[in-house]
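If you count by numbering that gives the first Met the number 0, then the sequence shown holds residues 0 to 761, one letter each, in order.
It is worth saying that the hints were derived from the structure and are not from the lab. Among these hints, one or two may not hold up.
[To be verified] Listed below are the simulated DSS-like cross-link pairs for lysine-lysine, each with C-alpha atoms no more than 27 Å apart in a straight line: (1) LYS237 <-> LYS223; (2) LYS227 <-> LYS348; (3) LYS444 <-> LYS163.
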Amino acid sequence: MILEVLDREGVPLAEDRLASLLGIESQEREGFGRRLSAMEREGQVMRNRRGAILVADKAGLVKGRVIGHSDGFGFLKPEDGSEDLFLAAKQMHKALHGDVVLARVTGLDRRGRREGSIVEVLERANSRIVGRLFVEQGVMFIAAEDKRISQDFLVPPDGAKGAKHGQVVVAEIIQQPTKESEPIARVTEILGNYADPGMEIEIALRKHDLPNVFSSDSEKQAAKFGDKVLAKDLKGRKDLRDLPFVTIDGETAKDFDDAVYCEPLTPGPSPKGEGSRNLPSPSGRRVGDEGRKGWRLYVAIADVSHYVRPGDALDRDSQERGNSVYFPRRVIPMLPEALSNELCSLKPKVDRLTMVCEMEVSTSGTVRHYQFYPAVIHSHARLTYTRVAALLEGREPEPPIEKKLHPSIETLYAVFKALLGARAKRGAIDFDSVETQMIFDEHGKIERIVRVERNDAHRLIEECMLAANVCASDFLIANGQPTLYRIHEGPTPEKLEALRSMLKDFGLTLGGGDEPHAKDYAALLSRIKDQPYAGLLQTVMLRSLRQAVYSPENVGHFGLAYEGYTHFTSPIRRYPDLLVHRAIKAVLSGKTYDAGDWNALGVHCSETERRADDATRDVETWLKCYFMQDHVGDEFEGTVSGVTGFGLFVTLDELFIDGLVHISDLGSDYFQFDQQRHLLRGERTGVRYQLGARVKVRVVRVDIETAKIDFVLVDSAGKARGGEGEMPHSIPVPVIAKPRDQDKKHSKLDTRLSDGGKKKRK
């Protein structure tokens, strides 16, 4: 009613006049005032300089979240999805990164961006900070570790809690910033000195608000289960303990979510049951029993849902965490270790409860029948990718793998190759990215960084997990059970336009028109894979895609080319997988599982995943900076991995570490930034620096506090570049008269998992 009256009157109204028009009685005025205040906080209404009330939209105000920048300025990301507003440093004095504010559009800045001024802070995002305490001329202040918060926090004389100059602290914000005053904070925890071993993780935990201590109720509940499967737990389960299941993981893994077993199909009808379902062939025809050549693939997943029940202490803690976080040298598990590393982990030579997806896979790689059921298994061996790969390549694994397991592993390899062929035919995208591993010395310092070589054992497990995830999605869709899907939407029109514009410079096109499919991306990747500009275009193609998220609305998975996809295979370390297990069990028992607000759960789990990624990236960046302190003055070969208006990011070949060549170190020329083509071009000299270019750099600065590494370009003689007469650093653009002729040169893609499976397990 309030908004209706304001809209009808069309002018700002004094509070008394508004109350009169609404018929508010005197005894109702206090409640009316509280309602107006709430509407102001929510950004629905505002007061002008005279105190009159008006609809916020009518005042040309924009509500959104503040995104801070380390250089002091910021941006407002509007809630309505419109173009961001630039916020000058003066405006950022009023708010902190993450705050929700109302801002007024004031015009355009000198770069043509919409600029705004903050009118009111509606919601404060920060109640505490982690940072370093400094003392200058008797004044104490804290510099936030999150560089998106550029304001210093004053600390009152009695607010340091004994912290010393330079120490890392956690502080409670007792006064938020305003236009006239700086924020004030009081120290609540002293973490220690900046260079203390493990400090980078302690900072990340607090900076990103990562839960890392389980409640006492959770710990007690987990301990109560003991470390053995009880006889009563076997009721209603298939006994698969005689089947030679194995786990295949990395050398350092401790939480074994999944075990696999495979055997050739025998003649006869497919098994029937509550959790079984026949799938149509790709042509839409039902696959009959007459063509039953292929394999029976078992994927057994830890039955976490047997122990973690909806609403209990373990469930509350695991939902809050959303996922496990894998830092270098430390894991923050989603479940207490009594479950994650013991009772739920599919360790060898012990009984374990599982949910099984049993699949019939044809020789063409089609899953034509599957069924889900609870089971008990007894893993026969804990294998590693390295040992299994050696066996598949005809080498002797070290230590050897028992001979009795060889037939199953060889059968797994056969079904893997069939699934791989189906994936290529489906047109899933397979970007060739580089994964690395940090090797540490006894002091916790990086000794070296090595490339992780992926082998067929990695791919074998990933394809098995993908197949089970697709079956889980199909099963829940077919039975009308709500769940969280893992969705990946196609590129936005804006990013698609930018990609096509750059491809045009190379004489290339992306098929699919306004709505390309994964197979169009895959075909283009295949076409360019042997070209010198392949790395450049692959990076641009990857950046054109959106991020995969969790949602109850199934829109398919663009990158994997699936109409429906979910996460079923990692309930020890991902909360959505636990929800999917509960949903499947509900269907098997003839019930419907209601997890509450599925939309909110999808948003939450997507956010906790990004939170974990951000925290892990922070820790890895800190460790790399610490490592690079010993390499100042050294020279390395590298590739331009990013181009911005302020310089070039270069990734070093030998160390896989990124650093910045600032635009001021590129020479005396004035460089224009071409965002669509990812290049910097000198106006006077014509020098070009482009994404994907090969360069040689020297490390000149490492600032561990800001986590920045600075390079300068050097020539072949070791001299710093930056002047006239430089050779262009750009990818050669081919002259291609008929791009369509390249279709004749297509070859099969090297298949690599882009989502799901075990990608994030360290």
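Verification of the hints:
no. : hint              : in the structure
1   : LYS237 <-> LYS223 : holds, 25 Å
2   : LYS227 <-> LYS348 : holds, 12 Å
3   : LYS444 <-> LYS163 : holds, 25 Å
Checked against the numbered hints given earlier, the structure satisfies every one of them.
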